[in-house]
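2 protein chains.
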Amino acid sequence: MTTDRNPRIDVAEVERMILSLGAIGAHLGTGVWRTAYSPEWVTANALVADWCHKAGLTVRSDAAGNLWARAEGTEGGKAIVSGSHIDSQCPGGRYDGALGIIAALAAITALKRDFGPPRRPLELVSLCEEEGSRFPTAGFWGSRAIVGKIAQGDIETVTEANGGSIAAAMAHIGLDPARIGEARRDDIAAFLELHIEQGPVLEHANRPVAVVDAITAIRHTRVTLTGEQNHAGAFPMDLRRDPMAGFAEATSALIDHAHRLGRPAVTTIGSCLPYPNAPAVIPRSVTFTIDARHPDPAAAAKMHEVHAALLHEIAARRGLELKMEVQFDHPACLSDPGLVAALESSATRQGIPAIRMASGAGHDSQQLAAVCPVAMVFVRSAGGRSHTPEEFSTLDDIVAGIRVLAGALHSLAY
Amino acid sequence: MTTDRNPRIDVAEVERMILSLGAIGAHLGTGVWRTAYSPEWVTANALVADWCHKAGLTVRSDAAGNLWARAEGTEGGKAIVSGSHIDSQCPGGRYDGALGIIAALAAITALKRDFGPPRRPLELVSLCEEEGSRFPTAGFWGSRAIVGKIAQGDIETVTEANGGSIAAAMAHIGLDPARIGEARRDDIAAFLELHIEQGPVLEHANRPVAVVDAITAIRHTRVTLTGEQNHAGAFPMDLRRDPMAGFAEATSALIDHAHRLGRPAVTTIGSCLPYPNAPAVIPRSVTFTIDARHPDPAAAAKMHEVHAALLHEIAARRGLELKMEVQFDHPACLSDPGLVAALESSATRQGIPAIRMASGAGHDSQQLAAVCPVAMVFVRSAGGRSHTPEEFSTLDDIVAGIRVLAGALHSLAY
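Residue numbers (my numbering), protein chains in the order written: chain A, 1 to 414; chain B, 415 to 828.
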């Protein structure tokens, strides 16, 4: 299957790496619990560092705790980088994040073995705290450090659930939090990230691999509808101002709107809290969060307009007070067309049936896009599951993804 | 306004009693916080006992802590009883419960003064823990003791939030919990309870008083819809089994059904809990409670049928698992037609414009109905508010209600 430009991937070695890394912080059999800067995280990075060292790469840790492994380029210049994050959800699976690091190492090892040293520097990166699973407000911590998006104050204000600061956690493993600014890089030519899909699109399309042309825009809007709290028995229906009725109508309308727009639009109401949340009391208020996503910036903007109009109309008609607060608004991240082309030609020339799709989840790539062109490879997820010990991708699909990645790295670095 | 059969009510004394009783356990200005067997509750009952003693009544406390005050009947026989509960919500207002005790005392005092001793025994009762605000599973505790609906085991298993048993609370104020069975009575000929409406029906009808012809049936059904938990970004709309979408549709349909039935049907979804209740996760399940009420037993049964059919259809169509569990099911309590007639003629001959209505809330009367005929008088509630320090009824409306009660007590006991 390989041609001159496509290295042979060591399938057994990939499987061995998945199992070895999955054993560190193993949880509920097939899961892992490996939060940033924890003992399990330190051990996992040490194992990756050891593998990279044995592969002849130059290994270093940066000021944020990201692990880098580099093959120097015979012609120098900016680096071609691949990797992903090594932290997990609590618990997560073996593949989310870790697979991108294993893929980069398998690809770089194969390229070096089959084609010798690259023309341009070729690097692997193991990124830190993508999930925000230990420090909820520190999502993409490692990739944000690389692009300079960590303010000095963050070091003190970012805390975990028990109140401990991220600065203390960094210091505990020998990092100097005050120096996190030194993790910044401006010498990256391209970043390619392989990741599990985390959704069912590839499974339903019956394809092993996708090339990601965009990461979706995500907006979280916190909404409160307020009516009048009253006795559930003594208040006739016709005299109520019931925010639960307004919430139900709004939720149906918001969800139906995403259905009408069709893929890739999604809208989720995942959390809601009535007050006082008592069975025999007409609630005073219902607070809920709208998670709305679309990879096309114009379509996302239009979606938000429809949502606001719909909520205003329902609240006004029902005599409810409406409060809307945008909690965050991540813009869409478009992949670099040149990198998408490189990945797609790699798939084509190796006979790997890849589709093109947008990512509905956020990834480190969207942070690194601030300093370099990016693109991603998705590998089919069984049942579309992720953020659970049940997540699974077959070795065949994984190796197909690594081949697509390796072929593209060859075209960029050799 | 009074005729031969209608005593003159001492309006100033009624106002004084409302303020004096409202001062015991006073909370947030106009509210009260007076839970069963608490020091405030003991003080309030002592004050009522003192008033009754001064009114020439024979006062006693029963084994449950209910306070009874009796005017012997010249011809003996079973007693005509009026009263309500003296415990409050946390906090409640001055009127919910307490007003029924004040009304009974004002009526009996006036009857004795204007007409001498009654032919039949005439009693006032101050009932214990109607609200269940201190002991959540002990609602109607005092009236249940009177009708023999407290099992011996309840004494040990009924606890307050901090774990203390109701037996300990009773013993603390000198009651012997083992003797609660002695509170039972089978010598009551009729029970008339005056209570604030707790809803806005009288206010909207512009009437001071209602005669209650039924207390509604109440059913609480706990429902869980279970779908598939997935990533809010990575899962396309068309592949979701989202229990929040099912919950929203069901809630709209349940509430709309009560609107279509019209008064007196009501349906409330006051509590709901998605799991895991995270903004970026399609929930695995949504659990909620349906509070459905109708005073007509046949209409209530039909309503429950429609609810079940509707939930089964929505769950099946959306591929959701449905679990329904009836938490409790209080049947409707129909007022005694003779007592309703006595109250309505009393209103008519005193020129008090009373409407007839069902109670959407539960009351001690529905417990006492197990041993005697019952009926109720409702007094208009400002804004329909109750279970809040804001609850309020005007002195004019209160006195109108007491006149209706007193006239009926005259026709029954004299």
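Hints are not guaranteed to be accurate.
[Unchecked claim] A few chain B residues that face chain A, going by a derived Cβ cut-off under 7 Å, partial list only:
1) 561
2) 565
3) 645
4) 651
5) 673
6) 767
[Unchecked claim] In silico SDA-like cross-links for lysine to any residue, where the CA-CA straight-line distance does not exceed 25 Å:
7) 737/B / 275/A
8) 302/A / 652/B
9) 323/A / 287/A
10) 737/B / 278/A
11) 716/B / 236/A
12) 112/A / 174/A
[Stated by the list, open to error] Here are the in silico distance ranges between beta carbons for each label pair:
13) 262/A / 565/B: 22 to 32 Å
14) 262/A / 670/B: 20 to 30 Å
15) 652/B / 23/A: 31 to 41 Å
16) 13/A / 652/B: 47 to 57 Å
17) 738/B / 382/A: 31 to 41 Å
18) 382/A / 726/B: 38 to 48 Å
19) 670/B / 382/A: 56 to 66 Å
20) 652/B / 326/A: 18 to 28 Å
21) 152/A / 726/B: 57 to 67 Å
22) 23/A / 738/B: 36 to 46 Å
Just so you know, these hints were derived from the structure itself, not from any lab.
Small disclaimer: the values here were computed from a predicted structure and weren't measured.
Even glycine gets a Cβ: it sits at the ideal position worked out from N, Cα and C.
Against the earlier hints, flag every one the structure doesn't satisfy and list their numbers going up. The structure breaks hints 1, 2, 6, 12, 13, 16, 18 and 19; every other hint is satisfied.
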